[in-house]
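Engineer: Sequence:
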Amino acid sequence: MLQAIDKQAVAVAFGRAASGYNQHAELQRLCGERLMTLARRGSAMQVLDAGCGTGWFSQCWQQNGHRVTALDLSAEMLRQAESSAVASHYRQGDIEALPFADASFDRCWSNLAVQWCSDLRQGLSELYRVTRPGGQVLFSTLEAGSLHEVTAAWQALGSAAPINPQLTADDVAQAAAGMNIQLHRLTLTLAYPDALSAMRSLKGTGVGHLHQGRAGAFLNRQRLEQLEQVWRRDERGCLLSWKLILGVIERE
Numbered sequence: 003m004l005q006a007i008d009k010q011a012v013a014v015a016f017g018r019a020a021s022g023y024n025q026h027a028e029l030q031r032l033c034g035e036r037l038m039t040l041a042r043r044g045s046a047m048q049v050l051d052a053g054c055g056t057g058w059f060s061q062c063w064q065q066n067g068h069r070v071t072a073l074d075l076s077a078e079m080l081r082q083a084e085s086s087a088v089a090s091h092y093r094q095g096d097i098e099a100l101p102f103a104d105a106s107f108d109r110c111w112s113n114l115a116v117q118w119c120s121d122l123r124q125g126l127s128e129l130y131r132v133t134r135p136g137g138q139v140l141f142s143t144l145e146a147g148s149l150h151e152v153t154a155a156w157q158a159l160g161s162a163a164p165i166n167p168q169l170t171a172d173d174v175a176q177a178a179a180g181m182n183i184q185l186h187r188l189t190l191t192l193a194y195p196d197a198l199s200a201m202r203s204l205k206g207t208g209v210g211h212l213h214q215g216r217a218g219a220f221l222n223r224q225r226l227e228q229l230e231q232v233w234r235r236d237e238r239g240c241l242l243s244w245k246l247i248l249g250v251i252e253r254e
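Numbering (the numbering used here), first residue to last: 3 to 254.
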């Protein structure tokens, strides 16, 4: 599945989010922790963190004794990562055109980043290319049906939800056709005190960047009050449900 994605605009959106990213990144941490349980153990490995963000999981790999190369589309995200010394090397670049030689890494890790690929097949092929035989590609992405609370709330107000379309599990499997891949699916539901906090969490991690612009998605006080009335909630607050796909490719 091909998507029209303005990579420069994505980089700018994540650059704006960089300074406050970690305080909004609960989803990324929870998803990455699940993905980490699927990684085969090794010692003193060369690891690529593709779409590293501020480097939370770069640091996890490094603390476990591995040499990490942190890569991100956003220069500002890389600066945040480098300021925390989370990796051995830092490179600005695109997952769909990785600036590395074939078979450079023992593990290629990409937590909630490949959804920004214009062509997922190309992104996964690049991660596969730079992984050594016997290594692993570990990635996660959003699945279609994520954020149904956002969709329902905005539809109740007669507007399109300010979220991007996501891939199905079949789309991901087709993108990895010919590779030795296992897919795992899960749903994580997070709660926020109010609709504003929920929407801020999307913006704060860059997820609120829309490929097709912001038509109909403007937030003002009246719109927020309306969202507050229709947003799905439980005793914890306003809910955001994320459907996730975790992928493990064994490099042969």
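Please note that a few of the clues may not be correct.
Derived DEER-like restraints, expressed as beta-carbon distance ranges [stated by the list, open to error]:
#	residue 1	residue 2	range
1	135	238	41 to 49 Å
2	32	103	18 to 26 Å
3	221	185	29 to 37 Å
4	158	105	33 to 41 Å
5	66	232	39 to 47 Å
Treat the hints as calculated values from the structure; they're not laboratory data.
Model, not experiment: these values are computed from the prediction.
Cβ coordinates follow ideal geometry from the N, Cα and C atoms, glycine included.
Engineer: Now look at each hint and say whether the structure bears it out.
Structural biologist: Now for the hints, and whether the structure bears them out:
1. 135 with 238: 41 to 49 Å: holds, 46 Å
2. 32 with 103: 18 to 26 Å: violated, 33 Å
3. 221 with 185: 29 to 37 Å: holds, 35 Å
4. 158 with 105: 33 to 41 Å: The hint (33 to 41 Å, Cβ to Cβ) is violated, given that residue 158 and residue 105 are roughly 51 Å apart.
5. 66 with 232: 39 to 47 Å: Since residue 66 and residue 232 have Cβ atoms about 45 Å apart, the given range 39 to 47 Å holds.
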